[in-house]
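> Protein sequences appear in the order of chains A and B. Going by the UniProt record's numbering, 33 is the number at position 33 of the first sequence; the sequence numbering is gapless. Going by the UniProt record's numbering, 163 is the number at position 163 of the second sequence; the sequence numbering is gapless.
These aren't lab readings, by the way, just hints derived from the structure by calculation. Please note that a few of the clues may not be correct.
Far from chain A, some chain B residues (derived; all Cβ distances over 10 Å) [to be verified]:
no., residue
1, N51
2, L56
3, E64
4, V76
5, I77
6, G81
7, L149
8, L186
9, D222
10, K264
Sample of chain A residues with no beta-carbon within 12 Å of chain B, all distances over it, derived [what the hints assert, rightly or not]:
no., residue
11, N61
12, V63
13, R70
14, A97
15, S156
16, I170
17, I187
18, S255
Not the full set, but computed from the structure, chain B residues with beta-carbon under 8 Å of chain A [stated by the list, open to error]:
no., residue
19, T115
20, K116
21, I127
22, I252
23, L256
The model shown is predicted, which means the values in this text are computed figures rather than measured ones. In this text, a Cβ means the ideal position worked out from N, Cα and C, and glycines have one as well.
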Amino acid sequence: MSSAEHAPAGPDKRPIRLFRNLWSKIAAIPMILVSVGIFVGGTIWTIVYSFTDSGLLPRLNWVGLEQYERLWSTRRWLVSIENLAVFGIASLILTFALGFLLAALLDRKIRFEDTFRTILLYPFALSFIVTGLVWQWILNPEFGVQSIVRGLGFESFTFDPLYDSSKVMIGLLIAGLWQGTGLIMVILLAGLRGIDEDIWKASRVDGIPAWKTYVVIIIPMLKPVFITALVLVTSGIVKLYDLVVAMTSGGPGISSEVPAKFVYDTLFTRQNLGQGFAASTMMLVTVAIILIPWALLQFRGKKND
Amino acid sequence: MARAVTTKRKTLTTALAWAIGLLIFFPILWTILTSFKTEAQAIANPPIFLNFDWTLENYAIVQERSDYMRFLWNSVILAGGSTLLGIIIAVPAAWSMAFVPSKRTKDILLWMLSTKMLPAVGVLYPIYLLFIELGLLDSRAGLVIVLMLINLPIIVWMLYTYFREIPGEILEAARMDGATLKEELLYILTPMAIPGIASTVLLNFILAWNEAFWTLNLTAVDAAPLTAFIASYSSPEGLFFAKLSAASTMAIAPILILGWFSQKQLVRGLTFGAVK
Chain A
1 MSSAEHAPAG PDKRPIRLFR NLWSKIAAIP MILVSVGIFV GGTIWTIVYS FTDSGLLPRL
61 NWVGLEQYER LWSTRRWLVS IENLAVFGIA SLILTFALGF LLAALLDRKI RFEDTFRTIL
121 LYPFALSFIV TGLVWQWILN PEFGVQSIVR GLGFESFTFD PLYDSSKVMI GLLIAGLWQG
181 TGLIMVILLA GLRGIDEDIW KASRVDGIPA WKTYVVIIIP MLKPVFITAL VLVTSGIVKL
241 YDLVVAMTSG GPGISSEVPA KFVYDTLFTR QNLGQGFAAS TMMLVTVAII LIPWALLQFR
301 GKKND
Chain B
1 MARAVTTKRK TLTTALAWAI GLLIFFPILW TILTSFKTEA QAIANPPIFL NFDWTLENYA
61 IVQERSDYMR FLWNSVILAG GSTLLGIIIA VPAAWSMAFV PSKRTKDILL WMLSTKMLPA
121 VGVLYPIYLL FIELGLLDSR AGLVIVLMLI NLPIIVWMLY TYFREIPGEI LEAARMDGAT
181 LKEELLYILT PMAIPGIAST VLLNFILAWN EAFWTLNLTA VDAAPLTAFI ASYSSPEGLF
241 FAKLSAASTM AIAPILILGW FSQKQLVRGL TFGAVK
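The following block holds chain A by itself, in its conformation from the complex:
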């Protein structure tokens, strides 16, 4: 994205420009105020109360880092963090690998392309709740894939991830991939379409193998597209909550708990506010650790333009 100084800047327009600037600022203010008020205000409030011993109601009795110490010795929290990390890394890698592979495979005009893209995007247009329910059923050992394959004569076939605490995250991952891969593929496909035909011709003339052209030339060219896709996938991963609630409710046992669900249950079901605030503060910190270097990188890139 190159710089976008569209505004007219003739010297004779000076007063008008000032006026326009004023109006534009007034136009932007409500939105900025609202964002600041809710997100920053709410977040600070949560952080402040994470240092108190609030139970059923928020109270300002300072206990220092006690909530955090307790949080990190809670097994359920540790499981949640681990699950989110595993799910996050696996779904990032797999969504991009599958999405890119399919996009490269289909990098040609396809008949009825609009319809094709719509179908690929349908899963993404569905609520996680519906996705969760549908996949809960498909993965049900008595009625879903397992029973159908067994019905075909493979009596010993076993695939019941949702009922096996060591495999339950795989079940969630499958549903997550189903929902997200189509989106990534459509985005990357659009990126590939935008690449100049001549680049392919040149690399063929030079005898560079196709895979190498992808790795060395095409993928670097698609960087902006990849960043868009990355932002979308990552923000989906952080939000992971609905899918778990609909598919497993955190089970079997606590084997598919995730941080967002931990926070929610701690706040509202176990009515341990301080603990819940500490957990959500930890989530905030984690996201910040990932986000800040990325933001800095972005800023520096922009300044160099």
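Following the hints, put chain B in place on chain A, whose structure we already have.
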């Protein structure tokens, strides 16, 4: 990669593409088909594909047990209301960012988008308290505001990218001809911005429609939308797959139909403007 497309190759790619499309679509298709089966046929093994006795019984039962229309109406109000409100607030902001950018514009945009990456649980409780305080719990008005707020960064960002594609020279030319600010907005900017706004509206509508974290946690009965409707069928009805499918189909049908008739906007919107 041979870009010189032969007909044979094209047919092959198309076939492959459609095979993938079908595979991805299959769970949705299967859900819709199952909703017309009886419970016994729904769990038959080997599964019955098309030759079952089509019945509407499941829909009647689901409708009888929970008032589908009320949930649907709530969903329409929540998604529509939050989208409308969001657009009203975002259009002036995005317009000013795109046409009168200041040094801070990029920073503000990035910063706003980063709030979208923050986990919602971080602000859940403060908002919950605020809702109790203001008597907004389980009210449509409260949820419209919350849904608008959480999607606002995306709306502004998308509108900004669309508005930026409008060449500034056109505005200058209009100004040369003596167009007033009002005329500029009404006759030049608006018509050029409509495709972008349409995609943004559709995306935001779908996001708000599907939002479950906030709607499940801040509603009980009165303001509960379709996400709550479908969630209520999840655990106790675990084994009644035909009814579950009917409920799912009823919940997703509006989006599938809306998407089908606005494919261009859907693709543009859902890919956040990455696909033109």
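> Hints the structure violates: just list their numbers, smallest first.
Hints 7, 10 and 17 contradicted; others consistent.
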